[in-house]
Each structure stands twice: as structure tokens, then as C-alpha cells.
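Chains as they are written, first to last, in UniProt numbering: chain X, 1 to 279; chain E, 1 to 279; chain G, 1 to 279; chain A, 1 to 279; chain Y, 1 to 279.
In case anyone wonders, no lab produced these hints; they're calculated from the structure. Misleading hints may appear alongside valid ones.
[What the hints assert, rightly or not] Chain Y regions said to be covered by chain G (calculated; three or more residues, Cβ under 8 angstroms):
{"#": "1", "segment": "121 to 130"}
{"#": "2", "segment": "176 to 183"}
{"#": "3", "segment": "224 to 235"}
[To be verified] Within a straight-line C-alpha distance of at most 35 angstroms, the following computed DSBU-like cross-link-like pairs (lysine-lysine) qualify:
{"#": "4", "chain 1": "A", "residue 1": "Lys189", "chain 2": "G", "residue 2": "Lys143"}
{"#": "5", "chain 1": "Y", "residue 1": "Lys143", "chain 2": "X", "residue 2": "Lys143"}
{"#": "6", "chain 1": "Y", "residue 1": "Lys163", "chain 2": "Y", "residue 2": "Lys189"}
{"#": "7", "chain 1": "E", "residue 1": "Lys163", "chain 2": "E", "residue 2": "Lys143"}
{"#": "8", "chain 1": "A", "residue 1": "Lys189", "chain 2": "E", "residue 2": "Lys163"}
{"#": "9", "chain 1": "X", "residue 1": "Lys189", "chain 2": "G", "residue 2": "Lys163"}
{"#": "10", "chain 1": "Y", "residue 1": "Lys163", "chain 2": "A", "residue 2": "Lys163"}
{"#": "11", "chain 1": "G", "residue 1": "Lys216", "chain 2": "X", "residue 2": "Lys143"}
{"#": "12", "chain 1": "G", "residue 1": "Lys143", "chain 2": "G", "residue 2": "Lys24"}
{"#": "13", "chain 1": "G", "residue 1": "Lys189", "chain 2": "G", "residue 2": "Lys216"}
{"#": "14", "chain 1": "Y", "residue 1": "Lys216", "chain 2": "G", "residue 2": "Lys216"}
{"#": "15", "chain 1": "E", "residue 1": "Lys163", "chain 2": "E", "residue 2": "Lys189"}
{"#": "16", "chain 1": "Y", "residue 1": "Lys189", "chain 2": "A", "residue 2": "Lys163"}
{"#": "17", "chain 1": "Y", "residue 1": "Lys143", "chain 2": "G", "residue 2": "Lys143"}
{"#": "18", "chain 1": "A", "residue 1": "Lys163", "chain 2": "A", "residue 2": "Lys143"}
{"#": "19", "chain 1": "E", "residue 1": "Lys24", "chain 2": "E", "residue 2": "Lys163"}
{"#": "20", "chain 1": "G", "residue 1": "Lys24", "chain 2": "X", "residue 2": "Lys163"}
{"#": "21", "chain 1": "Y", "residue 1": "Lys143", "chain 2": "E", "residue 2": "Lys143"}
{"#": "22", "chain 1": "G", "residue 1": "Lys163", "chain 2": "Y", "residue 2": "Lys163"}
{"#": "23", "chain 1": "Y", "residue 1": "Lys24", "chain 2": "A", "residue 2": "Lys163"}
{"#": "24", "chain 1": "E", "residue 1": "Lys163", "chain 2": "X", "residue 2": "Lys163"}
{"#": "25", "chain 1": "E", "residue 1": "Lys216", "chain 2": "E", "residue 2": "Lys163"}
{"#": "26", "chain 1": "A", "residue 1": "Lys163", "chain 2": "A", "residue 2": "Lys216"}
{"#": "27", "chain 1": "E", "residue 1": "Lys143", "chain 2": "G", "residue 2": "Lys24"}
{"#": "28", "chain 1": "G", "residue 1": "Lys189", "chain 2": "X", "residue 2": "Lys216"}
{"#": "29", "chain 1": "E", "residue 1": "Lys24", "chain 2": "E", "residue 2": "Lys189"}
{"#": "30", "chain 1": "X", "residue 1": "Lys163", "chain 2": "E", "residue 2": "Lys189"}
{"#": "31", "chain 1": "E", "residue 1": "Lys189", "chain 2": "A", "residue 2": "Lys143"}
{"#": "32", "chain 1": "Y", "residue 1": "Lys24", "chain 2": "G", "residue 2": "Lys189"}
{"#": "33", "chain 1": "E", "residue 1": "Lys143", "chain 2": "X", "residue 2": "Lys143"}
{"#": "34", "chain 1": "Y", "residue 1": "Lys189", "chain 2": "Y", "residue 2": "Lys143"}
{"#": "35", "chain 1": "Y", "residue 1": "Lys24", "chain 2": "Y", "residue 2": "Lys163"}
{"#": "36", "chain 1": "X", "residue 1": "Lys24", "chain 2": "X", "residue 2": "Lys163"}
{"#": "37", "chain 1": "A", "residue 1": "Lys143", "chain 2": "A", "residue 2": "Lys24"}
{"#": "38", "chain 1": "E", "residue 1": "Lys216", "chain 2": "X", "residue 2": "Lys163"}
{"#": "39", "chain 1": "G", "residue 1": "Lys24", "chain 2": "G", "residue 2": "Lys163"}
The model shown is predicted, which means the values in this text are computed figures rather than measured ones. In this text, a Cβ means the ideal position worked out from N, Cα and C, and glycines have one as well.
Chain residues, written in single-letter form:
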Amino acid sequence: MVSDATSSDEMLPQADDAITRDGKTLILAYDHGLEHGPVDFEPNPETADPEQIFELATHDAVTSVAVGKGMAEAYYPSYEDDMALLAKLNGTSNMWVGEPDSAVNWSVDYAADLGADAIGFTLYGGSNHEVEMAEEFAEAQEKARANDMGVVMWSYPRGQGMKSTTDPDTIAYATRLGLELGADIAKVKYPGSPEAMQHAVEMAGPAKVVMSGGSKTDDEAFLSTVEAAVANGASGLAVGRNVFQRENPEEILDALEAVIFDEQSAEEALEGGTAPADD
Amino acid sequence: MVSDATSSDEMLPQADDAITRDGKTLILAYDHGLEHGPVDFEPNPETADPEQIFELATHDAVTSVAVGKGMAEAYYPSYEDDMALLAKLNGTSNMWVGEPDSAVNWSVDYAADLGADAIGFTLYGGSNHEVEMAEEFAEAQEKARANDMGVVMWSYPRGQGMKSTTDPDTIAYATRLGLELGADIAKVKYPGSPEAMQHAVEMAGPAKVVMSGGSKTDDEAFLSTVEAAVANGASGLAVGRNVFQRENPEEILDALEAVIFDEQSAEEALEGGTAPADD
Amino acid sequence: MVSDATSSDEMLPQADDAITRDGKTLILAYDHGLEHGPVDFEPNPETADPEQIFELATHDAVTSVAVGKGMAEAYYPSYEDDMALLAKLNGTSNMWVGEPDSAVNWSVDYAADLGADAIGFTLYGGSNHEVEMAEEFAEAQEKARANDMGVVMWSYPRGQGMKSTTDPDTIAYATRLGLELGADIAKVKYPGSPEAMQHAVEMAGPAKVVMSGGSKTDDEAFLSTVEAAVANGASGLAVGRNVFQRENPEEILDALEAVIFDEQSAEEALEGGTAPADD
Amino acid sequence: MVSDATSSDEMLPQADDAITRDGKTLILAYDHGLEHGPVDFEPNPETADPEQIFELATHDAVTSVAVGKGMAEAYYPSYEDDMALLAKLNGTSNMWVGEPDSAVNWSVDYAADLGADAIGFTLYGGSNHEVEMAEEFAEAQEKARANDMGVVMWSYPRGQGMKSTTDPDTIAYATRLGLELGADIAKVKYPGSPEAMQHAVEMAGPAKVVMSGGSKTDDEAFLSTVEAAVANGASGLAVGRNVFQRENPEEILDALEAVIFDEQSAEEALEGGTAPADD
Amino acid sequence: MVSDATSSDEMLPQADDAITRDGKTLILAYDHGLEHGPVDFEPNPETADPEQIFELATHDAVTSVAVGKGMAEAYYPSYEDDMALLAKLNGTSNMWVGEPDSAVNWSVDYAADLGADAIGFTLYGGSNHEVEMAEEFAEAQEKARANDMGVVMWSYPRGQGMKSTTDPDTIAYATRLGLELGADIAKVKYPGSPEAMQHAVEMAGPAKVVMSGGSKTDDEAFLSTVEAAVANGASGLAVGRNVFQRENPEEILDALEAVIFDEQSAEEALEGGTAPADD
């Protein structure tokens with residue numbers, strides 16, 4: 001019997017401290033140029049310029065920026081005092097037509113040299129490349145631990161044999177994979193309902209869960225989903241298109257800050273005003 | 001002629017001492033979240049919380065807890081004085097639809113750093129990945145030896161060309177693979193009869209054999225099988241679902257302790273009372 | 001907020017300085033003997049002799065010569081004071097009939113020992129070998145950084161599932177891959193129109209874009225395309241056949257110098273005279 | 001001209017001294033539990049116990065025992081003063097249904113640490129895994145040389161495209177592969193006739209050839225074949241089933257000693273009496 | 001401009017000095033036991049004995065002997081003062097039925113330890129294994145450079161999609177691959193005509209070209225081809241069967257010496273007398 005064990009939250013290595021604030025997280029992800037190509041910048045062409053995004057990431061709401069090696073090399077040295085870096089280690093263009101897979105584009109040591117605070121790594125559970133990806137994740141995870149970096153798993157079941165990539169059971173399995181394999185944070189798609197979100201969060205145990213923003217939706221639908229996710233245990237959000245494809249990305253960041261960190265409702269947040277200004 | 005060779009038991013490196021007691025073993029396995037997903041926790045939802053299991057593992061009957069890297073990182077530091085750690089090195093989600101395979105999610109050195117006493121490694125004999133898995137096992141086994149850690153093989157023939165994964169010949173071959181490849185303990189499914197169990201144990205020579213608990217069955221059927229296994233030479237049991245899917249997992253651990261360590265019959269054990277209390 | 005960030009050009013590591021002049025670049029590429037075989041030398045048989053090309057590369061317009069290991073070993077020691085070396089690390093004969101792939105024929109360390117100033121690396125986005133090639137690129141890129149060498153990506157989407165390898169969207173994706181994966185310069189095919197070229201350049205952000213010369217065309221068509229590329233943001237040209245398959249390769253280099261470095265029109269350049277002489 | 005070269009036998013590194021006596025060899029092989037499973041022990045169930053075999057291997061006739069890592073770990077420390085150890089490095093269960101392949105279950109360095117005098121390595125010429133296996137053999141062979149260990153190749157052509165695995169041309173090719181690739185001893189099946197055996201031995205040049213015992217046959221047939229093999233140049237025998245599947249394994253070892261080391265005929269050896277007693 | 005560059009021959013690293021004489025080369029190749037099996041020794045059975053070949057290789061005409069690791073280990077220590085060793089690193093039996101491939105049977109470091117002066121490496125351009133083989137070649141080539149060893153490429157296009165392995169374009173491509181990838185010498189089949197030979201030699205630039213002897217032909221045909229090859233720029237010959245399958249191998253070596261080193265015609269060489277005696 002361990003009498004001094006209080007809560008499971010205390011047990012997990014606090015390796016993700018650098019990319020969370022008060023246990024909450026808002027990851028601004030910007031690897032779309034690799035994963036989807038320039039088409040994702042069409043709704044708001046200025047956002048093809050990475051500097052726009054790094055500027056956005058200085059917003060108080062953002063607890064880390066998730067980018068690939070090329071972006072980090074070119075921009076992070078100028079912004080390292082302003083934001084935490086989540087080094088997205090693997091990724092592949094969508095010209096790839098094979099079973100879901102992701103190239104490891106970045107070594108952990110090199111990411112650490114650039115000042116990264118955490119690593120991000122995609123695992124496609126159910127893909128014919130799952131075993132290979134899990135082994136690549138394992139190696140990166142241990143190197144991250146050696147460098148005192150946090151570990152975020154993009155846990156995205158897909159591939160041969162997966163009928164749905166977002167049903168509640170799949171997402172609950174996805175968060176659990178994060179815990180079982182040694183991630184501090186599992187990033188998953190919203191499983192469709194508050195109950196399913198709550199279940200997925202429980203399955204992650206002491207690991208945190210962040211909702212993936214996904215394709216752009218309207219303000220109300222988007223914020224309501226984030227509100228539901230956070231209300232049901234999610235530690236926050238990883239978001240890209242739902243911020244930078246908007247006309248006014250700072251406004252939605254203000255609203256997200258209100259929902260995630262200030263526990264406002266989506267409705268309150270949309271009414272604005274109460275969100276802290278970006279200083 | 002070697003005159004001072006007395007029994008084969010003395011010849012085998014006693015590398016598994018840390019995870020046995022009086023030559024007997026009860027492994028509490030908890031890698032179901034990885035191998036099967038949250039569905040395994042549905043019969044007893046609280047057991048999705050790893051802390052419940054680590055608490056259970058403080059029961060006197062348990063000689064080691066078998067978990068993956070993420071679990072060990074999050075919980076073992078709080079429990080290391082209370083139980084031995086069997087680091088389950090490889091494993092894969094059941095979203096995988098290819099020939100049976102298992103990702104190596106954990107390096108032996110990292111497991112040793114976390115205080116693991118032994119490694120656990122799955123080998124799917126007969127799978128198209130058998131050769132690759134055996135080579136991964138070989139490397140892990142030698143690193144375990146270098147770290148004075150015991151070696152437990154989850155010896156599970158399955159895959160293309162295997163008509164049955166539990167017939168007596170298959171299980172006897174499975175335990176033999178453990179001996180031939182350098183495991184201290186071979187974990188196998190119950191081969192269906194006392195005679196088959198005895199044969200499988202003989203084929204393991206000086207290596208120990210533990211029965212795999214498998215899917216949940218009723219108390220009497222389960223304990224009778226364990227009794228038969230132990231009576232026919234098995235050194236004990238590796239169990240997960242047959243403990244944590246029960247309403248009262250501690251009760252079944254009490255009964256298992258009686259059967260495995262105190263050589264009681266299943267019937268006696270079910271009548272209880274004589275089993276030592278969990279202090 | 002980062003107040004002292006002025007232009008994105010200042011952010012990118014200036015690792016390509018050694019192979020550019022005033023931010024412009026003209027790469028004389030000569031790996032055709034590997035990629036296409038001797039057939040490419042038929043229009044001007046003397047150019048099968050590498051010495052002819054290395055002599056050509058002493059032309060003022062040329063900012064680097066891109067060759068494979070064998071060429072560099074045999075000739076670069078005699079020319080190292082006269083030109084920068086762009087070590088083309090991977091390449092494969094066109095006898096290869098599988099999905100597009102490219103063998104890594106040269107280690108970065110060996111290239112550095114020979115005095116290379118930058119590496120060149122082909123990535124076939126969309127090929128079934130894309131993931132493998134990207135991982136090879138990643139390793140080479142980091143070793144190049146450790147050796148203070150520039151990185152040029154031959155970003156050539158092709159393979160299963162690619163309907164076109166030159167349409168505007170594909171080329172824009174190709175330049176973006178260069179930026180995302182950590183190249184200083186992305187070498188791509190001309191996307192067919194000034195607007196598409198401009199878009200592709202924008203997608204590369206602070207990374208430079210050079211147009212690939214491609215098959216030989218007539219002087220006016222060729223120079224007009226180069227003019228259009230440069231006018232729309234390309235940093236220059238990587239050229240082989242359009243130089244060495246001509247009767248008078250020095251003349252076209254004179255004209256290219258005028259277009260790329262002196263911002264003359266193709267028409268002016270063809271009229272000649274104003275181009276600086278090759279000293 | 002090399003005047004002092006006398007016989008080719010002197011040229012070959014004498015790395016196999018430790019596992020031969022007077023240039024003759026009798027390898028007691030006991031990897032059947034891995035390669036075939038417990039079924040091989042059914043004719044003489046006691047032989048499932050490795051200790052029985054290690055005791056047998058103390059017989060004067062036996063020049064080395066060939067076993068896998070698990071066996072060597074468990075028993076060789078007790079027998080290292082009584083016999084030479086031939087570490088059988090690779091092997092695979094017959095549950096494997098793919099093209100012939102063999103997992104490398106043992107590193108050479110680990111085998112050396114355990115006191116092995118030589119390595120044994122299977123090569124399936126003609127298998128779709130031939131190239132991979134040859135490369136694994138090459139690495140093991142060089143490490144064996146660095147450890148002053150002998151090298152025995154189980155040279156067994158089989159797999160796609162092999163019509164026969166025992167015809168004279170195949171066996172002659174098999175022994176030659178042993179010589180060409182750097183084995184000290186090639187272990188092959190009997191090619192069916194004295195002439196074919198002689199030819200196969202010649203093709204091995206200075207490398208030794210040992211006949212593989214194969215499935216159990218009657219005493220006369222077995223010993224006559226061994227007699228024919230030895231009379232035609234074979235250095236001896238590697239035997240398992242034809243010893244341990246017999247009722248009285250020591251008797252057949254007595255007879256084999258007479259045939260292999262004392263050059264008796266099979267008939268003389270069967271009449272017994274003249275064979276030295278096992279002390 | 002490099003004024004002191006005189007001839008391209010001076011630029012190439014003279015790494016092949018140890019296996020040439022006056023810029024000419026005659027490689028006695030003896031890897032047939034691996035590549036083809038004992039069938040190649042049937043025309044002259046004594047040549048199955050490697051000692052016969054090593055004795056032959058002491059002939060003045062021979063500038064190196066090309067053998068595999070097993071041969072070199074067993075014989076080269078006795079002959080190292082009499083001949084240069086060309087370590088044939090890769091090779092595979094013709095029992096292999098997959099796409100052309102070749103196992104790397106020998107590490108460069110081990111070859112260097114045995115006193116090898118150069119490495120030999122087969123590349124099957126056009127095979128589905130071309131990329132893999134080229135990468136293996138690249139690694140071996142760089143290690144050879146580090147050991148001051150020459151590099152000979154057996155440049156043999158074959159495999160899926162190759163209609164002819166000897167047409168002039170294929171052979172010209174093959175010699176060019178040698179130059180591009182960093183070989184000192186490219187070994188190719190005779191392309192069928194003097195003009196084609198000359199073209200292939202030109203495509204190799206400063207790298208030398210040696211003709212592969214191929215299957216046995218009659219004296220006049222064979223020597224005439226060698227004469228034509230040398231007259232058109234080949235640096236010599238790599239020969240096996242056309243020497244050792246003859247009744248009197250020394251006689252043909254005498255004649256080859258006359259043709260290759262003394263620039264005699266085939267007719268003159270066949271008349272003999274003028275060839276220097278083997279001392």
C-alpha cells in the first residue's frame with residue numbers, strides 16, 4: 001500500500017510543464033504545408049507566410065507552436081523567448097497514396113539543439129505501418145525523456161481495416177495508446193459527443209488529452225465543441241485551420257482563451273470583451 | 001561426466017528470482033489497454049484507472065506487475081518498494097490487421113533505468129513476422145542478461161498456417177521455444193488438459209512455465225484450471241482479465257494465492273478463509 | 001511580439017551563402033550520366049568529358065557545380081579554387097523501373113571532406129518511396145547543418161497517383177516541402193506560367209526557389225522562361241542540358257548571367273554584348 | 001611461385017581445431033526442439049531433457065555439442081570442462097511457413113562470453129532469403145574470426161526454384177559455398193552416392209565437410225552411409241536424431257567412433273567390442 | 001580557369017595503382033564457385049582446386065586475383081608476396097531466382113586486414129535491387145578510400161526491364177555508372193564492336209574500363225576480342241573461364257600478356273614465342 005500517493009496527476013512525469021499553463025494547453029499547429037500542401041492557405045492567403053503564424057503564436061492563449069524542422073530552423077530563433085516549441089517530428093505529404101505512414105523528418109537531438117520543449121509524433125494505429133511507427137515513436141520518446149522534453153502523440157487511428165476514425169471506441173482507444181506508450185499528451189479528434197469525450201479522457205488516465213481542431217467550421221460550432229471537450233476533461237486544443245483560415249485569427253484565439261483557460265461558455269466567449277487582450 | 005550436477009533447476013541462471021517467490025509466480029498483467037483497448041475495462045470500469053491495478057498488485061499473491069512503458073513511467077516510481085516490475089517490452093493494438101506482429105515499445109536500458117526486474121516479450125511463432133520478432137527477442141534477451149534482469153516470453157504461436165493456437169502440440173512447442181531461445185519463463189495458454197500441461201512443462205526443461213489467464217471465466221472453472229496447471233508443473237499464472245474484470249478482484253487474488261502458493265485445491269480456495277490476508 | 005524581426009529573409013540560416021551571389025544562384029548540374037546515361041551527351045559529344053563541364057563551370061555566371069561523388073573525386077580537387085561544389089548525394093540510373101527512388105551514393109561527411117559547400121538531394125513526393133527518401137533527406141540535412149553546408153532539395157513529385165508533375169498546385173506543394181523539411185533552396189520544374197511561379201515562390205517562404213532547366217529548348221523559349229521565373233521570385237536556375245547540349249555553351253551562360261544577375265530581359269540578353277565576359 | 005606450400009590443408013586457418021580431433025569431427029546436434037519441436041523427442045521421450053544430451057555429449061566420440069542460446073545458458077556452464085561448444089546462432093521453428101529463413105538468435109559476442117569454441121550458421125541457398133542470410137553469415141563469420149572461433153555452415157539449399165535439395169550437383173554447390181564464404185566446415189546432406197560425396201568434398205577444397213545425420217534410419221543403413229561419407233573424404237558427421245531417437249544412444253556413439261575415428265567398417269563397428277568404452 | 005590541368009588521367013585518384021601495371025590490368029577472377037557453382041570447373045576439373053588458380057595468378061601477366069573472402073582467407077596469406085588481391089565483396093549463388101541481387105559477403109575492413117589492394121563490387125543496374133546495391137557500393141567505396149584501396153565495379157545491367165545486357169548503349173551506360181559513382185575501374189561485357197567499345201571507354205572518362213572475359217570461346221575469337229577492346233581504349237581484361245577452362249591456362253596467359261601489355265595482335269600472340277616466360 002502506498003499511503004502518500006494522492007492523485008494520479010502527481011505521478012506522471014511533469015515533462016509537459018513547458019507546453020501547458022495551469023494544466024491547460026493550446027497548441028497552435030502549423031504543419032499543414034507539409035501534410036496538406038498550400039491548398040490549406042487559400043482561405044486566408046497571408047497565412048502561407050510562416051511569420052504570420054509565429055506572430056499569432058505570441059498570443060497569450062497559445063502555450064506552444066507545433067511546427068516541422070524547416071519552420072523551426074527559419075523562425076524559432078527569433079521567437080524563442082516568446083513561445084514554447086513543440087517539434088513535430090514526423091509527417092508526410094498527402095501526395096503519399098500508400099497505407100498511412102509518416103516520415104521521421106527530425107531527430108530529437110536536433111530538435112533539442114533548436115530549443116524545443118516537447119516533441120510531437122503521429123501514430124496511425126491500425127495502419128499497416130503501425131508497428132514501424134510505434135517503434136519510431138518509442139525511440140523518439142526515450143530520447144525526449146533524456147532531453148527533459150514533453151511528448152505529445154498525434155494518435156490518429158486510420159488505415160486498412162478502420163471503418164471509422166472518429167467513433168467513440170476508436171478515440172478512447174487512441175487516448176489509451178497515448179498513455180500505454182508513454183505520451184504526456186494524446187491529441188485526438190473529437191469523438192462526437194460529450195460522453196464520448198469524457199470516456200476518452202478517462203482512458204488516458206494521468207495523460208492529458210487535447211482535441212484536434214480539424215477542418216474549419218463556423219465560430220459557434222467550433223467553440224461549442226471546444227467547450228464540450230474541456231468541460232469533459234480535455235486539457236485543451238491543438239488547432240490550425242480553425243484559427244488561421246479565419247479572417248481574424250486573433251479574435252478566435254481570444255475566444256479560445258476564454259473557453260479553455262477562463263472556463264467561459266462558447267456563448268460568453270463569442271460575446272467577447274471578457275477575454276484578456278493580447279499584450 | 002559431471003558428477004556434481006544435481007538437478008536441472010540448479011543449472012538455469014536464477015535471473016527470475018526477483019519475480020518469483022519459492023519458485024512460484026503470479027504475474028498481474030495489465031497491458032490490455034494497448035493490446036485490446038478500453039473494451040476490456042467495461043466489465044469493471046474502475047479498472048481503467050491504472051492506480052486501481054497498481055494497488056491490487058500490492059497484494060501478497062502478486063510477484064510482479066507486467067505493464068508497458070507508459071504505465072511504468074507514470075506509476076512505478078510510487079510503487080517500486082511494493083512490487084517487482086516486469087517490463088512488457090513489445091505490444092501492438094488490435095487495430096493492426098496484418099500478420100501477428102508486435103512493436104518494441106521500450107528499450108531494455110530504459111526499462112532498467114526505471115527499475116524493472118525482468119522483461120516480458122511476445123513471440124508469435126508461425127507468424128510471417130516470427131523471424132523478425134525472434135531477432136528482436138534475441139537482442140532484448142542479451143541486454144536483459146547484461147542488466148541482470150529475468151526474461152519472460154509470451155510464447156503465442158499464431159498466424160498464417162496455424163490451425164490451432166491452443167492444441168497440446170502447439171503449446172508444448174511454445175514452451176520449448178522459451179527454453180531454446182533463452183527465456184527463464186515461458187507464458188503460454190492452457191493446453192486443455194492436465195496431461196498436455198504436464199507435457200508442455202516437461203518440454204520447457206529448466207525454464208518455468210506460467211499459464212496465461214485469458215478471457216474471464218467463472219471462479220470455479222478458472223481456479224480449477226489454475227489448480228490443474230500448477231499440479232502439473234506450471235510455476236504459476238499470469239493473469240489480467242480474470243482478476244480485474246471481477247467485482248472483487250482481491251477475493252480472487254486471495255484464492256489464487258491459496259492455489260498457487262499454498263497448494264490448496266480450487267474448492268478449498270473458493271471456500272476461502274485459509275488464504276492469508278492482504279496486509 | 002518580436003519587434004526586431006524585419007524580413008523573413010533574415011531569419012533563414014544563411015547556409016547557402018557559398019552557392020549564391022547577391023542572393024542569386026546558377027547551378028550547373030552535371031549528373032546526367034547517372035540519371036539518363038550517355039544519351040544526353042549525344043547532341044554535343046564533347047560534353048561527355050567532365051573536364052569540359054568543369055571548365056564551363058569556371059564561367060562567372062555559375063555559382064556552383066552539382067555533380068556526384070565520382071565526378072567530384074576525379075575533378076574537384078583541380079577546380080576547388082574556382083567554383084563551389086554542390087554535392088548531389090542521391091541519384092539512380094533510368095534503367096530503374098520501380099516506383100521513383102534514388103540511391104544515396106555519397107555520405108555527407110565524405111562530401112565535406114572533399115570540400116563540398118552544399119548538398120543536393122532529390123525527394124520524389126508522391127512516390128511509394130517518399131517516406132524512405134524523406135527520412136534519408138532528414139539525416140543528410142542535419143549532417144549538412146553540422147558541417148555548415150547548404151541544403152538544396154530537388155523537389156520532384158512523381159510516382160503512383162501523381163497525374164501531373166508540373167501543374168501549378170504540384171509545384172507549389174514541391175517548393176513548400178523544401179521549406180517544411182529544412183532545405184535552403186528548392187529546385188523545381190517551371191510550373192507553366194508566371195503566376196504559378198510566383199505562387200510557388202511564395203509558398204517557399206524564406207527558402208529560395210530555383211527553376212530546373214529541363215530538356216533542351218531553343219534560346220528564346222529557354223531564356224524567356226528563365227526571365228519569367230526570375231521576375232516572379234525565383235532565385236535562379238539549375239541547368240544542365242540547356243547549357244551543355246548547345247553548340248556554344250558559353251554563349252548561353254553569358255545570356256543567363258545577364259538575365260539572372262543583371263536583370264536583363266531575354267531579348268536583351270540574346271542580343272548579347274552587355275553580358276560580362278568570362279574572364 | 002610459392003615453394004613452401006605443401007598441402008592445401010595447411011593453408012586454411014585452423015580455427016576449427018577446438019571442435020575436431022585428428023582432423024575428424026562428430027558434432028552432436030540438439031537444436032531439434034527449436035527447428036522441429038517436441039515431436040522429435042517422441043521416439044525416446046527422455047531425450048526431451050537436455051541434460052540427457054549433455055551427458056551423452058561427454059562420450060569420447062563427440063567433438064562438440066551444437067545447441068542454441070537457451071540450452072547453452074542453462075547447461076554449458078556445468079559441462080564446459082567436458083566438451084566443446086558449437087553455438088548454433090540461427091534457427092527458426094517449423095511453424096514458419098514462408099520461404100526458408102532462420103532468425104539470428106544469438107550474438108557472436110554473447111556466444112564467446114559463454115565459452116563457445118565455434119559458431120554454427122544455416123544458409124538456405126536458393127531461398128528468397130539467401131542474400132539476407134548470407135549477409136548475416138558474413139557478419140557472424142567475421143566476428144567469429146575476431147574471437148578465434150571456428151565457423152561451421154549448415155549449407156542447405158532449399159526454397160523457391162530448388163527441385164531437389166540432395167542431388168549431387170546441389171550438395172557439391174553447397175560445400176563450395178562453405179569454402180567461398182569463409183566457413184571452416186560445411187555441413188551438408190549425404191548426396192546419395194560415394195562418388196557424389198567425393199565430388200562434394202573436393203569442391204570444398206581445404207574446408208572440411210561433415211555429413212548431416214538426418215532422419216533416423218536403421219543402424220546398418222546409417223553406419224554404412226557414414227562409412228561411405230568418411231571413406232570419400234568427409235571429416236565426419238553432425239548427428240542428432242540418429243543418436244538420440246535410438247533406444248541406446250551410447251551404443252551408436254560407440255559405433256560412430258569406430259567408423260569415424262578408427263576407420264572401421266560399418267559391419268565391424270556394428271559387431272562392436274573394438275570401440276573404446278565411454279569413460 | 002585551371003591552366004595546369006593537362007589530362008584527365010592525372011586527375012583521378014591513382015587508387016588503382018596496386019592492381020595495374022603501366023596503366024594496364026589483367027584480373028584473374030575466380031569467384032565462379034560462388035556465382036555459378038562447381039559446373040564451371042567441369043571442363044578442367046583440376047581448377048576446382050583454388051591452389052591451381054593461385055599458382056596461375058603468379059604469372060607475370062596477372063596484375064591481381066579477384067576472389068571472395070573464403071578463398072582469400074585460405075590462400076592469400078601464402079601468396080601475398082606474389083600477387084595483388086582484389087577482394088570481391090559481394091556475390092550470390094545462381095540458385096537465387098529473385099531479381100538480380102548480390103550479398104555483401106565481406107566487410108572492407110576485414111578485406112584490408114587480409115591485405116587486399118582493392119575491392120570489387122557488382123552493381124546490377126536496372127534490377128529492382130539497384131538502389132539497395134548502389135547504397136551498399138557507396139558505403140564500401142568510401143571505406144575503400146579510407147583504406148587506400150582501389151575500387152572496381154562489376155557494372156552489369158540486368159533485371160526487370162532490361163531487354164539486352166550487352167547492347168552498346170547499355171555498356172556505355174554501365175561504364176559511365178562506374179565513373180559517376182566513384183569506381184576507379186569499370187568491368188563490363190564486350191559491347192559487340194570496336195566502335196561500341198571505344199564509346200564505352202569514352203563514357204568512363206578518367207576511369208579505366210576492363211572487358212569481362214565471359215564464357216569460354218576459342219583462342220582466336222577470344223584474343224581477337226581482347227585485342228579489339230584494348231585497341232579501343234580498354235585497360236585490359238578480367239578473365240576466369242577463358243583461362244582456367246582451357247587445357248593449358250598458362251599458354252593463354254602468355255598470349256594475353258602479349259596482347260594487353262605488349263600490344264601485339266591476336267595473331268602474333270597466338271604464334272607465341274614473343275610472350276615473356278612465366279618466371
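Would the hint linking X/Lys163 and E/Lys189 be met if the CA-CA limit is 35 angstroms? holds (31 angstroms)
Has the given pair, Y/Lys24 with G/Lys189, been kept, meaning a C-alpha gap of at most 35 angstroms? violated (44 angstroms)
Distance restraint between Y/Lys163 and A/Lys163, which requires alpha-carbon spacing of 35 angstroms or less: holds (28 angstroms)
When you check the alpha-carbon spacing of A/Lys163 and A/Lys216, does it fall within 35 angstroms? Holds, at roughly 23 angstroms.
Within a Cα-Cα threshold of 35 angstroms, do Y/Lys163 and Y/Lys189 meet the stated pairing? holds (15 angstroms)
Taking only the CA atoms, is the gap from Y/Lys143 to G/Lys143 under or equal to 35 angstroms? holds (18 angstroms)
Is the Cα-Cα distance between Y/Lys189 and Y/Lys143 35 angstroms or less? Holds. Y/Lys189 to Y/Lys143 sits at ~27 angstroms (cutoff 35 angstroms).
Three or more residues of the segment 176 to 183 of chain Y near chain G by CB distance under 8 angstroms? holds (count 8)
Has the given pair, E/Lys189 with A/Lys143, been kept, meaning a C-alpha gap of at most 35 angstroms? violated (38 angstroms)
Taking 35 angstroms as the top limit, are the C-alpha atoms of X/Lys189 and G/Lys163 close enough? holds (31 angstroms)
Holds or violated: G/Lys24 with X/Lys163, Cα cutoff 35 angstroms? violated (51 angstroms)
For the pair supplied as a hint, Y/Lys24 and A/Lys163, is the alpha-carbon distance within the 35 angstroms limit? violated (44 angstroms)
Taken one by one, the earlier hints fail for this structure at numbers 3, 4, 11, 14, 20, 23, 27, 31, 32, listed in ascending order.
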